[in-house]
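Given only the sequences and the hints, what does the whole structure look like? Please build it.
If you read the sequences in order, they're chains A and B.
Here numbering that gives the first Met the number 0 is used: the first residue of the first sequence is 0, the next is one more, and so on.
Here numbering that gives the first Met the number 0 is used: the first residue of the second sequence is 0, the next is one more, and so on.
Incorrect hints may appear among the rest.
[What the hints assert, rightly or not] Across the chosen pairs, the derived CB separations fall in these ranges:
#1 A:Pro232 / B:Ile233: 32 to 38 Å
#2 A:Gln284 / B:Pro319: 57 to 63 Å
#3 A:Pro62 / B:Asp114: 55 to 61 Å
#4 A:Leu191 / B:Ala170: 41 to 47 Å
#5 B:Asp101 / A:Pro231: 41 to 47 Å
#6 A:Arg180 / B:Asp8: 46 to 52 Å
#7 A:Pro232 / B:Gly168: 36 to 42 Å
#8 A:Ala280 / B:Ala134: 57 to 63 Å
#9 A:Gln284 / B:Gly399: 56 to 62 Å
#10 B:Ala390 / A:Pro231: 41 to 47 Å
#11 B:His217 / A:Thr396: 30 to 36 Å
#12 B:Ala170 / A:Arg192: 36 to 42 Å
#13 B:Asp102 / A:Thr396: 27 to 33 Å
#14 B:Gln50 / A:Leu191: 58 to 64 Å
[Said to hold, decoys possible] Covered by chain A, per the in silico footprint, the following chain B stretches (three or more residues, Cβ under 8 Å):
#15 86–95
#16 363–372
[As the list claims (entries may be wrong)] So, partial list: chain A residues that the calculated Cβ filter (under 7 Å) puts toward chain B:
#17 Met0
#18 Arg359
#19 Gly377
#20 Asp383
#21 Pro386
#22 Leu387
#23 Met389
#24 Ala390
#25 Tyr398
#26 Gly399
Everything labelled a hint here was simulated from the structure, so no lab data went into it.
If you're wondering where the values come from, they're calculated on a predicted model, not measured in any experiment.
Note that CB positions come from ideal geometry on N, CA and C, so glycine has one too.
Protein chains: 2
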Amino acid sequence: MDQLELMRDLSIPGQSKIVLLLLDGLGGLPGPNGSTELEAAHTPNLDRLAQEGISGLSTPVAPGITPGSGPGHVAIFGYDPLAWDIGRGVLEALGIDFALGDDDVAARGNFCTVDRPTGVITDRRAGRISSDVGARLVEKLRGISLPGAEALIEPVKEYRFVLVLRGKGLADGLSETDPQRTGVPPLPVEALRPEAGRAAELFNLWLAEARRRLADEHPANSMNLRGMAKVPPIPKMPDIYKMRFAAIATYPMYRGIARLVGMDVLKTGETIEDEIATLRANWEQYDFFFFHVKKTDSNGEDGNFDGKKAVIEHVDELLPEIMALKPDVLLVSGDHSTPWSLKAHSWHELPVLLWGRHNRPDAVRQFGERACMAGGLGHLRHTDLMPLMMAHAERLTKYGA
Amino acid sequence: MDQLELMRDLSIPGQSKIVLLLLDGLGGLPGPNGSTELEAAHTPNLDRLAQEGISGLSTPVAPGITPGSGPGHVAIFGYDPLAWDIGRGVLEALGIDFALGDDDVAARGNFCTVDRPTGVITDRRAGRISSDVGARLVEKLRGISLPGAEALIEPVKEYRFVLVLRGKGLADGLSETDPQRTGVPPLPVEALRPEAGRAAELFNLWLAEARRRLADEHPANSMNLRGMAKVPPIPKMPDIYKMRFAAIATYPMYRGIARLVGMDVLKTGETIEDEIATLRANWEQYDFFFFHVKKTDSNGEDGNFDGKKAVIEHVDELLPEIMALKPDVLLVSGDHSTPWSLKAHSWHELPVLLWGRHNRPDAVRQFGERACMAGGLGHLRHTDLMPLMMAHAERLTKYGA
Chain A
0 MDQLELMRDL SIPGQSKIVL LLLDGLGGLP GPNGSTELEA AHTPNLDRLA
50 QEGISGLSTP VAPGITPGSG PGHVAIFGYD PLAWDIGRGV LEALGIDFAL
100 GDDDVAARGN FCTVDRPTGV ITDRRAGRIS SDVGARLVEK LRGISLPGAE
150 ALIEPVKEYR FVLVLRGKGL ADGLSETDPQ RTGVPPLPVE ALRPEAGRAA
200 ELFNLWLAEA RRRLADEHPA NSMNLRGMAK VPPIPKMPDI YKMRFAAIAT
250 YPMYRGIARL VGMDVLKTGE TIEDEIATLR ANWEQYDFFF FHVKKTDSNG
300 EDGNFDGKKA VIEHVDELLP EIMALKPDVL LVSGDHSTPW SLKAHSWHEL
350 PVLLWGRHNR PDAVRQFGER ACMAGGLGHL RHTDLMPLMM AHAERLTKYG
400 A
Chain B
0 MDQLELMRDL SIPGQSKIVL LLLDGLGGLP GPNGSTELEA AHTPNLDRLA
50 QEGISGLSTP VAPGITPGSG PGHVAIFGYD PLAWDIGRGV LEALGIDFAL
100 GDDDVAARGN FCTVDRPTGV ITDRRAGRIS SDVGARLVEK LRGISLPGAE
150 ALIEPVKEYR FVLVLRGKGL ADGLSETDPQ RTGVPPLPVE ALRPEAGRAA
200 ELFNLWLAEA RRRLADEHPA NSMNLRGMAK VPPIPKMPDI YKMRFAAIAT
250 YPMYRGIARL VGMDVLKTGE TIEDEIATLR ANWEQYDFFF FHVKKTDSNG
300 EDGNFDGKKA VIEHVDELLP EIMALKPDVL LVSGDHSTPW SLKAHSWHEL
350 PVLLWGRHNR PDAVRQFGER ACMAGGLGHL RHTDLMPLMM AHAERLTKYG
400 A
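Structure (structure tokens):
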């Protein structure tokens, strides 16, 4: 029996409330003074919860594996991240709040430069054209007509766009056109399984017309398509866990992933204060709150140690407002590490703090990576975290007689 | 290769002796003074073994999963508890020392009250009738004749009984009749797979006659059947591990589970002293002793912190008598946690103490949940414990050249 089936069998309704406070990219590495971003941050409220609760370290996908945002989130939501792959095209569409349907195959598009006589790619990102230029080019590509399907295109940022083919019976399982290097021409889209044949044909038809329309542009006179994918038939969290799930996130991609797994996405503002106001306003209506904080990750990606530390301190200052709502269970962690020194997602374990009425306290006195190494939860996988939150919220019945 | 195959391949005969001292429901949660039942108990002997041995924490089924007695025991015996599900009917039969055969389908029965004109259930436990009344009703239900099968019924306690259908070719995979709520009639038994059709038919025939016989009774004028199951074709421990296994337990259910996995069940008395006398008397005849202590769990279920602590202290006082027999390996743990504060089984990890000639000692100086968090064994699964006991008893050969 897999974990989702087990959860579906054992989960029971209840009155308890769970908050998953997810600080994107939370895990870090030592900075100038030897402390990580989290360790260096002044976090009296998190530290108090660490004293009352139980801590540990958790691996999102597998040891050594650096997760993208998709796998990091599906794992903490309890889905095996190696079984439930959310395609790049789907994530890109979710990232611009594009409402994908079941008949849609979404692709990430990159404008590129090709050398006209030879047809070989000379710049895979078309000189990183501005977002304005990208948006103008997308306008030129609207309304390309295809037999029995619709082509929808939206700009993302700079040289990136989303292309969605919408039509009955379209399947994914398609090769990408990007050869991942210059000096060779874009590849044709190929079906990697027989059912994908028609979608391959339509993507190639679209590419031919799109390249014709951009033939006179410079530098963005062609494009590649990557990660063509449909929305996976992922079981929905409310069905598995018998809870009402709400997502509070300021960035579209996280709202999109939450919607994909069946959460209600709440309207909120741009700041963490806005998110807390949204949490408070919706407290009675839901059982489980996915509360996403983005800027820990953004600062990590920028290599900004102090910036990331400041975001953590800001969350800590606001934490009493969350605790004042009296959640039964609070779990604080992240979807992946984004150490300032790597300026990128990383494979490092995430600190985890689990707080509730029924936890065995451990010796941890501070919420930080090294303190968590000695935590009572030991080393977990992200997929363990939903069952643990459920158990502590008394929302799982006994397995077996 | 799964773990049982690996054990079967690698296990070798030997002279060493292993004692698995299982304190049912051992794991706890902090009490009034902040210590768990085990931590609060005065256990100089266990503490000395913890100093000499190596400790850790172990999860019986999976993080967050609260095991019933069946999964907790099969896991510590080395079977994947998610693969080897022992049905409720089988456990109930084992619990009254009913000797189940391969042609038997066992059900747990609950007397209930139905409203005669409408047929809906008004009380799922028939007002919790006394055991005397239950036994009298069971007498009225003996000897119901069925085509090509025998119906055997025995009282359990209060409103509970065991019904066993015995006949060639009967299969399990049957739905329960208990709708789990009042105000609706009992459900018919349905076959959940084609082979179970005949058993479904026989259970329904039995129910019709049984309800006719109880029509004039009050309040127990009907019944529900739950957890219909056959004994699973579980591989036997002596075949896997090449040892002579003995079980010493005061309660029938644990004797039944032990018999199911191929142990010899030794006759013993009611007290832990009786169990130790049985251990001593049979020391030469066996290689592995499963020594079960029940009352840690019973006190946990009653919410009796001091009672559970006292049972642990009593075991500790008697421990030198076990050690005087000079076992080569001793493992002390439980099948699941039963914290006094939850008054029920729980998902929390079990403290584990492994003592033998070849263990690496760790820094643990006391046998307790928090001390075990820092133990040298780290965090294990219950299915890891049999291979560890075998290895420490020098009963496993090398894997691979």
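Comparing the hints with the structure gives:
{"no.": "1", "hint": "A:Pro232 / B:Ile233: 32 to 38 Å", "in the structure": "35 Å, holds"}
{"no.": "2", "hint": "A:Gln284 / B:Pro319: 57 to 63 Å", "in the structure": "60 Å, holds"}
{"no.": "3", "hint": "A:Pro62 / B:Asp114: 55 to 61 Å", "in the structure": "60 Å, holds"}
{"no.": "4", "hint": "A:Leu191 / B:Ala170: 41 to 47 Å", "in the structure": "42 Å, holds"}
{"no.": "5", "hint": "B:Asp101 / A:Pro231: 41 to 47 Å", "in the structure": "43 Å, holds"}
{"no.": "6", "hint": "A:Arg180 / B:Asp8: 46 to 52 Å", "in the structure": "49 Å, holds"}
{"no.": "7", "hint": "A:Pro232 / B:Gly168: 36 to 42 Å", "in the structure": "39 Å, holds"}
{"no.": "8", "hint": "A:Ala280 / B:Ala134: 57 to 63 Å", "in the structure": "59 Å, holds"}
{"no.": "9", "hint": "A:Gln284 / B:Gly399: 56 to 62 Å", "in the structure": "57 Å, holds"}
{"no.": "10", "hint": "B:Ala390 / A:Pro231: 41 to 47 Å", "in the structure": "42 Å, holds"}
{"no.": "11", "hint": "B:His217 / A:Thr396: 30 to 36 Å", "in the structure": "32 Å, holds"}
{"no.": "12", "hint": "B:Ala170 / A:Arg192: 36 to 42 Å", "in the structure": "38 Å, holds"}
{"no.": "13", "hint": "B:Asp102 / A:Thr396: 27 to 33 Å", "in the structure": "32 Å, holds"}
{"no.": "14", "hint": "B:Gln50 / A:Leu191: 58 to 64 Å", "in the structure": "60 Å, holds"}
{"no.": "15", "hint": "86–95", "in the structure": "holds (count 4)"}
{"no.": "16", "hint": "363–372", "in the structure": "holds (count 3)"}
{"no.": "17", "hint": "Met0", "in the structure": "5 Å, holds"}
{"no.": "18", "hint": "Arg359", "in the structure": "6 Å, holds"}
{"no.": "19", "hint": "Gly377", "in the structure": "4 Å, holds"}
{"no.": "20", "hint": "Asp383", "in the structure": "4 Å, holds"}
{"no.": "21", "hint": "Pro386", "in the structure": "3 Å, holds"}
{"no.": "22", "hint": "Leu387", "in the structure": "4 Å, holds"}
{"no.": "23", "hint": "Met389", "in the structure": "6 Å, holds"}
{"no.": "24", "hint": "Ala390", "in the structure": "4 Å, holds"}
{"no.": "25", "hint": "Tyr398", "in the structure": "5 Å, holds"}
{"no.": "26", "hint": "Gly399", "in the structure": "4 Å, holds"}
Every hint from the earlier list agrees with this structure, and none is contradicted.
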